[in-house]
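Q: Residue-level listing of the chains:
There are 2 protein chains.
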Amino acid sequence: MEVIRSNFKDNLNKVYEAIEEADFLAIDGEFSGISDGPSVSALTNGFDTPEERYQKLKKHSMDFLLFQFGLCTFKYDHAEEKYIMKSFNFYIFPKPFNRSSPDVKFVCQSSSIDFLANQGFDFNKVFRNGIPYLNQEEERQLREQYDEKRSQANGAGSLSYISPNATKCPVTIPEDQKKFIDKVVEQIEDFLKNEENESLELEPCTGFQRKLIYQTLSWKAVVLYIGVRKESCESSLEIIKAGTMRYPKGIHVETLESDKKERYIVISKVNEEERKRREQQKQAKEQEELNDAVGFSRVVHAIANSGKLVIGHNMLLDVMHTIHQFYCPLPDDLSEFKEVTSCVFPRLLDTKLMASTQPFKEIINNTSLAELEKRLKEVPFSPPKVESAEGFPSYDTASEQLHEAGYDAYITGLCFISMANFLGSFLSPPKNHVSARSKLIEPFFNKLFLMRVMDIPYLNLEGPDLQPKRDHVLHVTFPKEWKTSDLYQLFSAFGNIQVSWIDDTSAFVSLSQPEQVQIAVNTSRYAESYRIQTYAEYVEKKHEEKQAKRKCTEDSWKEMERKRLKTQCTPYVSQSRYYCVNSFTGTSTLGKRSMSPIQEETGSDDMEEGDVQDLECDHTDSCAESLPDGKKRAKKFKKIKKEQVPAGSLTSSSTEIFEVPETW
Amino acid sequence: MEVIRSNFKDNLNKVYEAIEEADFLAIDGEFSGISDGPSVSALTNGFDTPEERYQKLKKHSMDFLLFQFGLCTFKYDHAEEKYIMKSFNFYIFPKPFNRSSPDVKFVCQSSSIDFLANQGFDFNKVFRNGIPYLNQEEERQLREQYDEKRSQANGAGSLSYISPNATKCPVTIPEDQKKFIDKVVEQIEDFLKNEENESLELEPCTGFQRKLIYQTLSWKAVVLYIGVRKESCESSLEIIKAGTMRYPKGIHVETLESDKKERYIVISKVNEEERKRREQQKQAKEQEELNDAVGFSRVVHAIANSGKLVIGHNMLLDVMHTIHQFYCPLPDDLSEFKEVTSCVFPRLLDTKLMASTQPFKEIINNTSLAELEKRLKEVPFSPPKVESAEGFPSYDTASEQLHEAGYDAYITGLCFISMANFLGSFLSPPKNHVSARSKLIEPFFNKLFLMRVMDIPYLNLEGPDLQPKRDHVLHVTFPKEWKTSDLYQLFSAFGNIQVSWIDDTSAFVSLSQPEQVQIAVNTSRYAESYRIQTYAEYVEKKHEEKQAKRKCTEDSWKEMERKRLKTQCTPYVSQSRYYCVNSFTGTSTLGKRSMSPIQEETGSDDMEEGDVQDLECDHTDSCAESLPDGKKRAKKFKKIKKEQVPAGSLTSSSTEIFEVPETW
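Going down the list, the sequences are from chains W and C.
Those letters in the first sequence? Residues 1 to 664, by the working numbering.
Those letters in the second sequence? Residues 1 to 664, by the working numbering.
Be a bit skeptical, because a hint or two may be false.
[Claimed, not checked] Going by beta-carbon spacing under 10 Å, a handful of chain C positions derived as facing chain W:
1. S110
2. F121
3. P132
4. D486
No lab work stands behind these hints: they were computed from the structure.
C-beta atoms are modelled at their ideal positions from N, C-alpha and C, and glycine is treated no differently.
If we strip away everything but chain W, and leave its shape as in the complex, we get (with noise of 0.2 Å):
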């Protein structure tokens, strides 16, 4: 289903409905671009650290749109052995929606455009009716705005009504505005004194002079409140004066906005309960401008708010994306990422992270999508059973329509319930159908694919990320003329070696015997062109760089920058911790104890499927967006897991059939 800004409004229930009735979800982005680095091999080098990688792909990936998010719901129906199966494929666009609303600017990458209008992406369904979005922060400020409007002008929270204190002191207009001022005066006069007319309508203008209305009015209000008479304004007073004593509660003041756009200003008698009439109609159509203004992020609040299993193939990036674009900037550190994450999304898996794993790896050569789900209908896997619901539009995986966000969400869902089926036939005995809510897919939880990484195959997202020793790896820089073949040939004496450029001048090597590496460095002591240290020598120069630098008075100014960008995040970071602390301690801190990847490597029974179903628990049973149902969902989360906790053995019974190893 496709989901626009003309049809997002009557269509979130069925959006709700879906997530609320799932066993799993599957998600899918697509984005205006993936990369503004210098170069992709310095974006991913085969070397980084996670910590490195998360720093390139925030620095040079988070500047790019979001612009079609794909959610594919699966529901398993036991009656019928089958999946049913929700698809919506969303158009994001920050669509600003009035004038003191964020103006976001992102960028476009050519090649990315063009890959997708390949593929006969629509652009003008984006630009022209694409979903509008706001992250907390700007959700907090609008919010806010309202909030404040309402407050300036006193009374039962009224906006608009003018009455006392609401200036303060008499009000400046500029010499060229007094007399535009002057004129508006003399014909609300005539429409105080008049009884016929209920409602005054002046001519559009500025919002300057708007402003300047709403404050003469007030002021004039306040004069008379507090009965002082400046010779100045006498005559105006006279007809507030006139005006506001046959209507004692004053006047309403309120700006519209005509068809051709112009802003003016309606000035109306109203008595109390009118008045009252007037401003809960105002209050209810405020809340539906801001539910509008955050839009799409309420689905993804949906989905976080849900703790469904969320699947997406390669997520890494959506991720990142996702938390960046509907809940806030990206903080400034690996391990605050975990924690925010963690709390967006509870419970992530990452197919292809499945599938380069035991006991796939073996059996699946091509771990992109459109191979692995052809891979994934042959023996010996078996197509799942999945069907539309009714009403959804069905995809025909023959005729592909890969890079269409909501057709990759749904191959990747397709992806994984034949994936977790397969786990069944370890079993004993077998079993055709493995559930989202299966302790044998648990160890698979909250890795994510790290892509071109040698040695460090996932991100974890509950816990420390592994640490290979890359004592078999050599740093070696050299003239920028040099190209690959020459590294080939300077190390042709150590057999099979591999090559990761990291710059123009530098790059990682790696040999095939640990031995081999002080040879390198020794043989290398004297060359003049090249030099090369262990990767130890590399990391710990690199360290104490770091530090000589922070000495140097030019980056004590960096650093200055550094910490106040760093105060002016804060903000988002402990809104997150915020958000947090509301919804999913439970599940982040339990998470990290029952699922890192030390206590799977303890376990040690093989489980029986029997134990497996009646583990399987349904601790994800309503998504509703509101924090409070957010809290009490957590808490019921936190009691099942509880009482998971004590059955010890069985938390960890899979890992020895399924473990994902630290290295491949």
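Chain C: place on chain W using the hints.
A: For chain C alone, coordinates are given in the frame of chain W:
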């Protein structure tokens, strides 16, 4: 006429022809955004100096994409007394043309995109079918790439011909590739032994593998040539020897791409004649590829080389973007920008500036393009007689298509014609038609409207800018809570004031009387919450701060950075200078002398229509692209200019009537 990638080549000659025959050209651009600055008020302060404004626009506007370019050519038909118009609406997109081409990143501003979306702008047409382009540096690099490839392969400039000296040392083949390369060599052996087949297609493989194949074949040829035999490759050598002996001029190796975008190597046996034919074919293909890649820039080159009068409405950003995108990154400072501009667009006229100047200023209230076009249909103006050329669609000004670049260029042209003709009414006898070559319009040449600058009406491209006194201006700093009304109040004693915000905590305030300035400064001496200084003091302090900063160590670092960046830019600058010297030096330097406002002011005599007519010179008779032609034209232009110079009084003769004032 809509011009997109697919019909660009077919219509390019039509475009050239239209430019060549035109009396003047009108242009307009649509961008993916306007400003990524903090706020519009900060970007366009009312007291910016031209240098400041240039720096701001350069910094905050050049990352957007000019993605629609409107060109409208106008040719006067003397017999029919009407203009014949040809309108082109080009869609522009930097589609990467191959794997090593620049992958342009550009910024989109949501509000601008939303605005264009509401106007029905077709983003799919831009992204799916936009015409690519290269700036001059990119074009040079691409040309070099082709040349390098060609020179790498020796012998009659053959790129892919395997010949002696191609590789100087044996190829080191990585362990994991040895099997693959051995297999390929075996295949080639069989092919060369066998007389039946004329060519051999290898399996598709990776770029690295292709490189290894090329290197292996080259080196084997070298080894054969210099008669060295190495043990390790004895067997393969025999075969290559056999092959090269049978085909003494070698074998032809080239990489082709399949329908599936997979690249594979084809090896053919060729004789000398066939080889030459293939190489010529290849070179012709390369030249065509190069032309395709230069793409839309060829149109801009044609406009530049034509030397024709180019009209735009509020065209500073259009000019900056056009130069930045299709020529070279904008130079560091304004004077260099003026120099480059005089090369690319030797004669510009801004209709917004013209309409804001005497004799139009008094009778035109609103100079926005749409309003101006309407106004110029009414007395004392007359709607111009303009018809579309045969085969070109006509625009209907009744059903506005504003913000389509082609349409905007069209009505800009209409505005110019109406205003130019109006100038004819001041002549005796009055004249209905004033041509684009008339002396009457020269006072408006090369002065670009400066938006929202209070006292400097235009950027003067032909010399130093106006330097208004600003002795009635104050610089005020204050708490960030202050609003415009607070400033009005603070200065309420001084009558009418104007406020120009700089940022959250400072603004320029201009008083109506310079005498009040010192009073304001004096009375504020002991104020705590705000600070007032004169404009002169502010400029002085800013200058001092700049100097002081330079002494700081932290700034010496910045200075280094600045210098480094400057060095990086140098090639572009010298590039543009080079271009300049080759094609338009005459125009730009002479232009400075003959058209500066100072000279204009010294003009004294009214001129007679006859003189003007005689002076209309057709110095812009062709628009060929190549530099030699441009050179020729530049010389011609120079000659004509020189002939004009002796008629000194005439050069400035129209200025008494229509002089462009220094302030208004």
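Q: All the hints need checking, so say for each whether the structure fits it.
A: Okay, the hints, checked on the actual structure:
Interface hint at C/S110: satisfied, since its Cβ lies 5 Å from the closest Cβ of chain W, which is below the 10 Å cut-off. Using the Cβ-Cβ criterion of 10 Å, the hint placing C/F121 at the interface with chain W is satisfied: the shortest such distance is roughly 8 Å. Among the interface hints, the one on C/P132 holds; its C-beta lies about 9 Å from the nearest C-beta in chain W, closer than the 10 Å criterion. The closest approach between the C-beta of C/D486 and any C-beta of chain W is roughly 9 Å, which is under the 10 Å cut-off, so the hint is satisfied.
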